[in-house]
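**Q** Model the placement of chains G and L on the given structure of chain A, informed by the hints.
Chains as they are written, first to last, in the working numbering: chain A, 1 to 548; chain G, 549 to 854; chain L, 855 to 1188.
Among these hints, one or two may not hold up.
Chain A regions said to be covered by chain G (calculated; three or more residues, Cβ under 8 Å) [said to hold, decoys possible]:
1. 48–55
2. 71–77
3. 139–146
4. 249–263
5. 411–421
Source of the hints: derived by calculation from the structure; they are not laboratory data.
Idealized CB from N, CA, C, for every residue including glycine.
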Amino acid sequence: METATKANPKSLGRRLGAVTRLAAALLVVTLGAAATAQQGGRAVVSFQVDVSTLDPAIGYDWQNWSIIKSMFDGLMDYEPGTTNLKPHLAESYTVSDDGLTYTFTLREGVKFHNGRELVAEDVKYSLERVLDPATQSPGQGFYLSIAGAQEFIDGQADEVVGIRVVDDRTIEFTTSEPDAAFLHKLGLNFAHVVPREAVEAAGGDFGHQPVGTGGFKLREWVLGQRLVLERNPDYFEAGVPYLDELVFEIGVDPNVAFLRLQRAEVDVLGDGIPSARFTEVMADPVLSQQVAMGEQMQTGYVTINVTTPPFDDVRVRQALNMAINKDRIVRIINNRAVPANQVLPPLFEAHDPAYEGYPYDPERARELLAEAGYPNGFDTVLYAYNVAPNDRIAQAIQADLAEIGVNAELRTQAQSTVIEAGGAGEAPLIWSGGMAWIADYPDPNNFYWPILACASNIPGGWNWARYCREDLEERAAVADTLARADQAEQRNEEWRQIFLEIMEDAPWIPIFHELQVSMHSSRVTGPEGIFTDPMHIPVHYEYIRMAE
Amino acid sequence: MVPYLLKRLAQSVFVLFGITLITFLLVFLLPADPARMIAGRSATVATVESIRRELGLDRPLPVQYVSYLKGLVRGDLGRSYAQRAPVSDLIASRFAPTVQLALAGILFELLIGLPAGIAAALRRGTRFDQVVMGLAFVGVSAPQFVVGLLLIYLLAYLVPVFPLGGYGTPMHLVLPAVAVGLAGGGWYARVTRSATIDVLRQDFVRTARAKGVFPSRVVLKHVLKNAVLPVVALVGLDIGVFMGGIVVVESVFGWPGIGQMIWQAIQLVDIPVIMGGVLITALFVVVGNLVADLVYPALDPRIRYQ
Amino acid sequence: MGSTQRARGHERRAQVAVPRSDGAAAAPVAALAVDGAGGAGPAPGARRGARRAPSGWVRRFLANGAGVVGLVGVTLVVAVALAAPVLAPHDPARQYFDGLTLEGDPLPPSERFLIGTDLLGRDLLSRVIHGARVSLLVGVVANGAAVLIGLVVGVLAGYFRGTVETVLMRLTDIMTAFPALILAIALAAILRPSLWIVALVIALVNWVWIARAIYAQVLSVARRDFVEAASALGMSAWRTLLRHILPHLVSTLMVFGTLGISTTVLLEASLSFLGVGVQPPMPSWGGIINESQSYFLDAPWLVVFPGAAILLTSLSFNLLGEALRDALDLAERR
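The shape of chain A in the complex, shown without the other chains:
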């Protein structure tokens, strides 16, 4: 079985060193690839749930995220198989000394699928479109740091003054204050470039008539059945994509998809290996070669509502942390995860490998509970998403809690219901699985602002723990202003400390960091790590090719 090399968690600061090493690596890979690479071929990816939309301003589920990435491009992107940011549509960029202004020089000769050449105006249009309330983009909130964004949203301005088209090949962004994650945000799908004329021609249905600059373009889409992409021969990156045709088959049950993989009717299991077959696959010498496992920017955790007694007592929360047997839970999901003891997954630089967290110690947990005034435990409620394996994981957590006297009534419900309960602040405990946090971009602040910040401790917010520490919030804001490349190390250290302090407060019980597991047929192959690309889940479509 190929294990992806741990994607080097690089911060911007280490880019230079990384570039050199990576250049060497890429050279080797390319030479090797050139010897065996072949253009052409057709691969089939299976999915159960319908692909909802291919509009980069709107698509925000794990399924369409990487399909959109293969059809559109943004100013920034990540090196395949890694979390290393690099310019993509932009040829180069500079950042002003005060960290507020980013100037991008665009590549020449980038063409949309409709033949027109891309200009800077298109970039401005695309971002304004995301900010425009009429688009109802889920990504709007990422770009509020751009100067003039709020005025544009409120209708007080016709354009976003912070986005300035200098000439056809140059575009300038100005943020209202230094935003260390800004370049990452420009790598999000929301910032991918779309042509105005195609959007307007589609009359509100651009999501089903996508026109981008990416390596693949849309050939055919039969709703609910099949999505067919074909190679864009004018793609600006030479040599990719390898495949001539990429087919997504919709509505396929994961168990049946697995059988079809065996028959070479499917090449990539979009929904992963069904749990029932996992052990059998890993034990098989042939099949296990087709499996790739890698890390993800993911943490599965139980949120503890710190405003509801008895959880307002930190001792109770710490007791809960010590009650859970994480190894057993990991075993329940076929060891497709590593136990977690902190907020950030190991993929992040700011993750602290030396931190030990709360040990599994039910004895001590009971003592703590007694200290806090609950020698006989108490009753509470645990919410969870009902789709497997989350119902099982929640039951395991419930059983562990019962061991220390905490009787949690389990409510496994539809995702929307749980999200609503969490947003309303009604749920004492929520297992986040299935809705859990996978980072939007490889920056530690993405694990704070949406789910642990005072700013998200609002009705409807995703900070289900209702956690708020003003002092940490200030430090977080300051950390995010350390936008310069040479401040990256300092910034990571700041975040590391912030998250460790959060763990002292124990608003969560971090349970595990899920591994990404993908399986492909022997007909397809790709460079190292491509099948467990942390940014392109399940695979980086532009880099897979037929095996010779």
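**A** Chains G and L alone, transformed into the frame defined by chain A:
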């Protein structure tokens, strides 16, 4: 007949109206916020609110309902929250497969159930009867997902007779239809059997048999016609219910039917799609039951409508 | 009474307990029956309304082998449900760390876990035993309620016709198209999840099948000569219903009442999945099947054993019911 049809048509409008109203109310009782689901996890409160306004979800319920009805009259079912595509497009793309599976499923139910039920009734009490009825129970008690998986595994994987799920050719339709037919067939068999037994008890049948005459063709036809009555009722219901999609069979076989669409819409609180799906189901329920009601007099001329 | 009374057939056993509606010559049909044929033609001395000896039906029932099997089956299930805490070898909620393989898969049947473990390392036998309670409750009560409601609606609509028929049948249309899933999710959030909600939702939704089937049969039966004759003679509607029409419906009701147990138990699982009914870790047969379905090819015991339990339960009820019906002569004689 025509006045009756017209009356039924008028009543159907009421039924559809009733269904949309009930569903509308229920959907808004759901503890989920579609605006928040659309806005996603990274949205600010302002974004959520603006989406709510854009979709008109901040208006009072009656206003929203009337607006929906107005759209219906125009043939506009709205746009899916999740996919942003017109609901009518989504339904249209899944319509043909749903019809195919519904009809094929009913066909198999009848093919399996009717002969078995009648034969068992004629041989009541024998080993044959017991075995057939036992099988009927197995068919009904077996979870459809498992049946489907087993069918695929045995007849499409181990022995590649049929395709491994999917849609397109008649071969693709067989296994899903069989999966539907096995469960429903069990019901049809038992119901047919008990109805047949009841009819066989009637005077003239007994007389014929007492005379040692094996029921003549005419008598047999009469028996069948009456025995089939409750089955017709079930078929009428099946038409309606199957046109609402059969989620389990669709998902195992990868059949692009309306059931999957509605199920996914419910998970996402995609209200326009939910409403559209329920509307289509209601339409066919009305049609199905009407068809059944029209068939009864054909089977038993004594049944008359005002 | 009088001249319109048809010659009554006779049962090869004793006399009639429940009045017939049709004349009933016994023989050739009865000839196919397991316990042998009776004579043909009306029996001397058979009178309408004659009561038979009370112990007679017990004897008849016990003579029916299938019925006895059914009785045993039902008793067994009920006993298991009642005595679950005593019978179960393990705590059904106890998740054993070594109840799963090192890779996290369930264990096949062994000495320690007689029919294997489930996906969380819990003893399957204990869960199936405890699951009898939920499944029995739902299968019998919820299904029973649905059958009752359906019977009333179908009979009223089919017999009285007119406005009653229109209103009830359109109501049936509405309830058929009714999105039960959405109701279930809505209820799950508003109320505390409980088995009674599941039973309610199931009853609310399933009655339409019985109603339509019964309606069809009543339409036909009510038009038969003897019924029209009876009402021409001034027999009250209720009496007509009870004595002439209901007996024809018993068999169909029996089918729905027993076969429906299976479908109801499986339906309960789907509803509980949505958060309405039994919440984990309380086991139910349908629930065990639901959560383990995709493991069918690898861990079939997880589906086979609870599935067999469902099958045996509904089958037992059916055998018992049919035997009782025959013994008590509730329906037409053979």
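**Q** All the hints need checking, so say for each whether the structure fits it.
**A** These are the hints, each one checked on the structure:
A stretch counts as covered by a chain when three or more of its residues have a beta carbon under 8 Å from one of that chain; for the stretch 48–55 of chain A and chain G the count is 6, and the coverage holds. With a cut-off of 8 Å between beta carbons, the stretch 71–77 of chain A has 0 residues touching chain G; three or more are needed, and the interface restraint is violated. Coverage of the stretch 139–146 of chain A by chain G holds [criterion: at least 3 residues with CB-CB distance below 8 Å; count 5]. Look at the stretch 249–263 of chain A against chain G: 11 of its residues bring a Cβ nearer than 8 Å to a Cβ of that chain, three or more, so the hint holds.
For the stretch 411–421 of chain A, the assignment as covered by chain G holds, since 7 residues bring a beta-carbon within under 8 Å of that chain's beta-carbons and 3 suffice.
Comparing the model with each earlier hint shows a violation of hint 2 alone; every other hint is respected.
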